[in-house]
Amino acid sequence: MSGRAQSWVAHLRQGGTTPWLAWRGDPSSDRAGDGVLPGAQQLELLRRINLARESGAQPRARHDREGTRLADRVLAAPAAGRGKADLPLVGVETPAFGPQPVDPATVGAHELLRVASVLLADDLVALGPDPVRTAWARPWRLRFRLVGDPVLVAGWREDLASRGRPEGGPRPFVVAVGRPLDELLAHTWTQRCFETGSTPWVEWLRFWRERDQLPARADLPASVRRWHARRPLVRIVTDLDRLPRQLGVRRLPAVRVPGADQAELARRIAAVVGIRVPAEERPALMRTLQRRIPDTGTDPVVVPAREREWVAASAARTTREVRRAGYAVVGDLAGLAPRTETPAATGAGAADQQVLDLAIRMVVDPGWRTVGHPRAGAERSVEQ
Amino acid sequence: MSRRVLLHVGCPKTGTSYLQDVLFRNKAVLQEHDILYPADRFDAHFLAALDLMTLPWGGLETEAVGAWDRLAEQVREWHGTAIISHEIFARATPTQVERAMASLGDAEVHLVLSVRDLVRQIPAEWQENVKHRSNITYARFLETIRDPARDSRIGSWFWAVQELPDILARWAGSLPPERVHLVTVPPSGADRGELWRRFSRTFGLDDLDLDLTAERENPSLGVPETSLLRTINQRVTSIISPPDYRPLVRELLAHQTLSRGVASARLRLPPEDHAWAQDLSRSWVGAIADRGYDVAGSLDDLVGPEPGTFVDPDTVTPDLLLPSALDAISALLVESARLRAVEERLHEEVREAHAERDRARATPTYRLRRKVVRTLEDSPAGRGTLDAYRRVRGRARR
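Note that the protein sequences, when read in sequence, are chains A and B. So the first sequence is residues 2 to 385, counted in our numbering. So the second sequence is residues -6 to 391, counted in our numbering.
There's no promise every hint is true.
As the list claims (entries may be wrong) - Once the Cα atoms are required to be at most 25 Å apart in a straight line, the calculated SDA-like pairs of lysine to any residue come out as:
1) B:K364 with A:W228
2) B:K364 with A:R172
3) B:K364 with A:G170
4) B:K364 with A:W141
5) B:K364 with A:A280
6) B:K364 with A:R142
7) B:K364 with A:P171
8) B:K364 with A:G169
9) B:K364 with A:E168
10) B:K364 with A:P222
11) B:K364 with A:G198
12) B:K364 with A:P173
13) B:K364 with A:L234
14) B:K364 with A:G249
15) B:K364 with A:R232
16) B:K364 with A:H229
To be verified - Have a look at the derived ranges for each label pair, beta carbon to beta carbon:
17) A:L52 with B:D272: 40 to 48 Å
18) B:R352 with A:W141: 48 to 56 Å
19) B:L201 with A:A162: 56 to 64 Å
20) B:R344 with A:R324: 47 to 55 Å
21) B:P311 with A:A255: 40 to 48 Å
Hint data in this document are derived by calculation from the structure and do not stem from the laboratory. Fair warning: this is a prediction, and the values are worked out from it, not measured in the lab. Think of the CB as a built atom: it goes at the ideal place given N, C-alpha and C, for glycine as much as any other residue.
Based on the provided sequences and hints, a complete structural model is requested.
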């Protein structure tokens, strides 16, 4: 490693924020070394992390201890997935072969995210899963099986179990939580990001549109049929105010719906967690992330305009199927139709920069790891 | 502690599948001669590579958790020679190489790199991309890999696993040259056993009685077959997920069906790209010729053959695609019929299980108990009574 590069690495390890091209070297440490020079992705991410730490007004002493440890983790972290190789720095003597040297400041957010997602996945694995709150099952509880909107159902299922009302039991009512199909699809993808990961939102949606099928959890009639429920024991609920009664409770808590940036970051983290822990441990870790991921105020993903026609046709088909099956509907089946208003967003999901900002915030501020797990947030939620 | 580790890190499309299959099938024989090939499944080292490089791979990575550390531990504990082999190790970054080397302990590490001329590698890599769901045209692929910026996923991957001097810089930088072994793939038309003889000499397997039957190879496709596969990808990649694509398209269509078209035109480089590839290969040979590496074969093999007749896979006419397309339809129909038979057998098993259950329930006492339970389940008090009864019976959680 060249002396100038070595001194820049040392500068970054000490919390420095000078960009590579502005770095003039440090005469006291400008000696060539033998170590491996990390890639431009790792170095630039560390510089951005230092910038974020600086603006976060962390006490200097804290930086010395934790900052150096964090810096070493960043520099050693691989970039996950099949992206670019570790990129050499422009201006450093490199062999004639290998990837072209770059100015680290020009490395895209997508590349930096490949490194950041590894750091966050490792943090999550080190944190371990939050304990699942359960309570003694109330013998008189109504027996039910919740299907439908995966984000809402996952939140309520957990709450109900903690109140002694777990799903299942003999002859349960199958309660399907119906939502406008565009929202249901968005929630299905979002929840998937917080479970096993997924393909990107637009790609995932195209997959289903080209198959002209709905994903299992967004297909209400199929979700109901899966439990072999007899017709009198099925409730399709589109009026969420009346849902608690169907489950034998007075109220249900607000469920936080992750924003597009949170879901996208979770998607990337899930891929790395999948290679860090056995498959059966990933869901609990990802649930922990879902509870703890900081709010940003970003809206959830929305269905892009080009898919709306298919979504509308699929919603109409779902409505016909529910009607033909003769299931009891709590609310109005019109509630399954996609929302007519057109959101301003293009539907392409969160921008890489937004996701990177969130990732850096989570790397810099360990609050999401150190504080006991938060209850549902208030920013954007669906409440009963 | 292994005395010696032979670490074979690449490159793809150099006969590695065959080598790994032979090593895996002859594990016991090798072990009798103090050679360890630590693999409990044929793709064990592929999983170790995914783990080492934090490389998600269409869901397969979930089977790779901790695979590198387990492999390294087995190698460290072995008293003789150990062999590690997978071609995607070639892509490891310097940091990952450092970790890999450190985890092998104090063993004498020998790096093995099997290499083939770019003139054949480039078409082979395009074909490999097509077999991995890509629908990129050949022209676009060539343009992509010739882009010096290597900004695309395809370009960065291609050079990471094919650029010989760069791979050597990453993997062999800390090793003395006598511990770096290059195995060159013989020119087209050479004796089929020659590549194995080169591997065998490098890995020290010459005197062993090994079963060399080719059970698992990564066969290449002709021009119309690859073109057809790319066309199929255009239709199905977005609607067939990787776990379905692997058995149905890559294995069934590409490997088991379309690769049989041995009479088809072979894929080559267009004349201009051919000259560029040969020049580049010569520069690589120039860069490494004096390093003193052990070479099985000849570095001249890396320059590649002279240009042959180029058949453009992007402009194959429908009549040339038709025979392959019909073969593909036949293969898929046969596979569908097989799967239908499997499905029917499973339905039959379920029917038998249901019938058995119904026979067990056909007693009057069962029907009476069932009626009582259903009546109780219809009221909160009844459900409470039932739960209490089940707890007393110790069956609450059943």
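Taking the hints in turn, this is what the structure says about them:
{"no.": "1", "hint": "B:K364 with A:W228", "in the structure": "holds, 22 Å"}
{"no.": "2", "hint": "B:K364 with A:R172", "in the structure": "holds, 13 Å"}
{"no.": "3", "hint": "B:K364 with A:G170", "in the structure": "holds, 17 Å"}
{"no.": "4", "hint": "B:K364 with A:W141", "in the structure": "holds, 19 Å"}
{"no.": "5", "hint": "B:K364 with A:A280", "in the structure": "violated, 42 Å"}
{"no.": "6", "hint": "B:K364 with A:R142", "in the structure": "holds, 20 Å"}
{"no.": "7", "hint": "B:K364 with A:P171", "in the structure": "holds, 13 Å"}
{"no.": "8", "hint": "B:K364 with A:G169", "in the structure": "holds, 20 Å"}
{"no.": "9", "hint": "B:K364 with A:E168", "in the structure": "holds, 23 Å"}
{"no.": "10", "hint": "B:K364 with A:P222", "in the structure": "violated, 29 Å"}
{"no.": "11", "hint": "B:K364 with A:G198", "in the structure": "violated, 45 Å"}
{"no.": "12", "hint": "B:K364 with A:P173", "in the structure": "holds, 16 Å"}
{"no.": "13", "hint": "B:K364 with A:L234", "in the structure": "holds, 17 Å"}
{"no.": "14", "hint": "B:K364 with A:G249", "in the structure": "holds, 24 Å"}
{"no.": "15", "hint": "B:K364 with A:R232", "in the structure": "holds, 19 Å"}
{"no.": "16", "hint": "B:K364 with A:H229", "in the structure": "holds, 20 Å"}
{"no.": "17", "hint": "A:L52 with B:D272: 40 to 48 Å", "in the structure": "holds, 44 Å"}
{"no.": "18", "hint": "B:R352 with A:W141: 48 to 56 Å", "in the structure": "violated, 34 Å"}
{"no.": "19", "hint": "B:L201 with A:A162: 56 to 64 Å", "in the structure": "holds, 59 Å"}
{"no.": "20", "hint": "B:R344 with A:R324: 47 to 55 Å", "in the structure": "violated, 32 Å"}
{"no.": "21", "hint": "B:P311 with A:A255: 40 to 48 Å", "in the structure": "violated, 58 Å"}
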